[in-house]
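Respectively, the protein sequence lines represent chains A and B.
Residues in the first sequence are numbered from 410 upward in steps of one, following the numbering used here.
Residues in the second sequence are numbered from 84 upward in steps of one, following the numbering used here.
It cannot be assumed that every hint is accurate.
Straight-line Cα separation of at most 27 Å, DSS-like style, residue types lysine-lysine; simulated pairs [stated by the list, open to error]:
{"#": "1", "chain 1": "B", "residue 1": "K422", "chain 2": "A", "residue 2": "K512"}
{"#": "2", "chain 1": "B", "residue 1": "K105", "chain 2": "B", "residue 2": "K284"}
{"#": "3", "chain 1": "B", "residue 1": "K209", "chain 2": "B", "residue 2": "K302"}
{"#": "4", "chain 1": "B", "residue 1": "K271", "chain 2": "B", "residue 2": "K128"}
{"#": "5", "chain 1": "A", "residue 1": "K496", "chain 2": "B", "residue 2": "K105"}
{"#": "6", "chain 1": "B", "residue 1": "K353", "chain 2": "A", "residue 2": "K496"}
{"#": "7", "chain 1": "B", "residue 1": "K429", "chain 2": "A", "residue 2": "K496"}
Just so you know, the hints here were simulated from the structure itself, not pulled from any lab data.
This one's a predicted model, so the numbers in the text were calculated from it and none came from an experiment.
Residue-level listing of the chains:
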Amino acid sequence: MELGVIFAGFGGQGILLAGKVLARAGMDRGLEVTWLPSYGPEMRGGTANCTVVLADEPIGSPIVDAPQALVAMNLPSLDRFEGRVAKDGLIVYNSSLIPRALKRSDVRGIPVPANDIARQLGSPRTINMVALGALLRALGAVPLEAAEEAMAHELRARGRERLIEVNQRALARGFSEAGKYLGDR
Amino acid sequence: MTRMLLRGNEAIAEAAIRSGLKCYFCYPITPQGELVEYMARELPKRGGVFLQAESEVAAINMVYGAAAAGVRTMTSSSSPGISLKQEGISYLAGARLPAVIVNMMRGGPGLGNIAPAQGDYFQATKGGGHGDYHLIVLAPSTVPEAAQLVMLAFELSDRYRVPAMILADGMLGQMMEPVELPPPVDPKGIPQRPWAVTGAKGRPPNVILSFDLEPQRLKEMNLVLQETYREIERNEVRWEEMATDDAQILIVAYGTMGRIAKTVVRRARKEGIRAGLLRPITLWPFPYEPIRRLSERVPTVLTVELSAGQMWEDVRLAVEGRAKTPFYGELGGVVPTPKEILSEVKRHATG
Chain A
410 MELGVIFAGF
420 GGQGILLAGK
430 VLARAGMDRG
440 LEVTWLPSYG
450 PEMRGGTANC
460 TVVLADEPIG
470 SPIVDAPQAL
480 VAMNLPSLDR
490 FEGRVAKDGL
500 IVYNSSLIPR
510 ALKRSDVRGI
520 PVPANDIARQ
530 LGSPRTINMV
540 ALGALLRALG
550 AVPLEAAEEA
560 MAHELRARGR
570 ERLIEVNQRA
580 LARGFSEAGK
590 YLGDR
Chain B
84 MTRMLLRGNE
94 AIAEAAIRSG
104 LKCYFCYPIT
114 PQGELVEYMA
124 RELPKRGGVF
134 LQAESEVAAI
144 NMVYGAAAAG
154 VRTMTSSSSP
164 GISLKQEGIS
174 YLAGARLPAV
184 IVNMMRGGPG
194 LGNIAPAQGD
204 YFQATKGGGH
214 GDYHLIVLAP
224 STVPEAAQLV
234 MLAFELSDRY
244 RVPAMILADG
254 MLGQMMEPVE
264 LPPPVDPKGI
274 PQRPWAVTGA
284 KGRPPNVILS
294 FDLEPQRLKE
304 MNLVLQETYR
314 EIERNEVRWE
324 EMATDDAQIL
334 IVAYGTMGRI
344 AKTVVRRARK
354 EGIRAGLLRP
364 ITLWPFPYEP
374 IRRLSERVPT
384 VLTVELSAGQ
394 MWEDVRLAVE
404 GRAKTPFYGE
414 LGGVVPTPKE
424 ILSEVKRHAT
434 G
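Isolated chain A (complex conformation):
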């Protein structure tokens, strides 16, 4: 098993953290993982992104040309990466900010109104965890509980313990949101 996931969005949408939580959750469940951020000028070009690889054997390339999954938090990110997703892959996209449907018909699309859900939760910045929750449900490779622990670890490391609870709810909401679309094509 080797899964490549690209997370992409505006700087400030918590893209790098969402990827890190997935990587840590995978590591905690005994998988090999790599987390590769975009950095520097690329981040100023409208999209920040990171690539996470999860595998049950040593990982060669941390660069993925055809990811099994894409999490697109805004339109420029979807425009940029939609074409690269592997056939029969998965695209979780933030339907609060992305006003169009997918162009691809050979992938599973999961629209998640991440901004709306995060606003309902009272914490607009949890959009990344809403999207991650949806991804986890559709991907199936890493359990939700592992991501909850990894998220708590990351927030504790940043001295943000008080945000753990709301981010937990965000993960759970995203997870259940994705349930609506599974099995659909």
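Go by the hints and put chain B onto chain A.
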């Protein structure tokens, strides 16, 4: 041992601290900023000195001083910063001082950019400063290997009294991977330095210089260096091979390109192309012999680098015309995907 999720830069810093690093001197530069940050946070808590110097030149000369005083010492930077350190590195080599220098390469020449590149191979392996010297050059391809090679760099540098360089790139510095680190080395296990300037009470003074106006004596000093380099060439060549037994096309790649090439080899094999990989771990001393041996039966040896073909020259010296030696490289911080390298492999495997 617990697995920690660390960036390459952080793993290198942590491994250096566990190697008994006492003095770290730096001047910050992207893409190795996290290494500096980690050192600033951790080293003082763990019995070492962190000092941000006023320039790269100052930092490398502080390394010279700390090494002369007999402690494990290190500096780190990225390409343009490493260029500034070259004079000091040549002095370290001339004075036979052990030290570790980390270069997280970025796009060049000049100020270049901050994206991953491998354009400093010549500078690192052929002696980037003046005079007849070499560094021991280690090229990690994963975050765990970066940690491991930092510990090895301190060990080899001490054993041979030759400065060692970790040559990696911005991608390895920035990416995260699980790492298991060994416990800190026992300070008693770090080799004694009877030559160090530690205060001459009760013994004749030690003098550390890279300077001798008398040509015959400077020649003798150079011969000692050359004998040391030959010994390192005999003992310390390291490399990794993957699927070379029946390979029809051999990729030679190091560092992050070496790991990307592993994915390429797996995919090529799935498509029926018998590809193999030789990944140099020591860039100096270079694994000429294993490449020579493979070139006797592999018709094509493809070098892949993030440069215009620097290691390629060493590969061709090893192959000596026994096989075709095509080259594929990207420049300026552009990193090829596995797919792009695979198409090069296909082109040369059939051609």
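Results of checking the hints against the structure:
| no. | hint | in the structure |
| --- | --- | --- |
| 1 | K422(B) to K512(A) | 23 Å, holds |
| 2 | K105(B) to K284(B) | 23 Å, holds |
| 3 | K209(B) to K302(B) | 20 Å, holds |
| 4 | K271(B) to K128(B) | 20 Å, holds |
| 5 | K496(A) to K105(B) | 52 Å, violated |
| 6 | K353(B) to K496(A) | 18 Å, holds |
| 7 | K429(B) to K496(A) | 23 Å, holds |
In summary, the structure is inconsistent with hint 5 from the numbered list given earlier, while agreeing with all the others.
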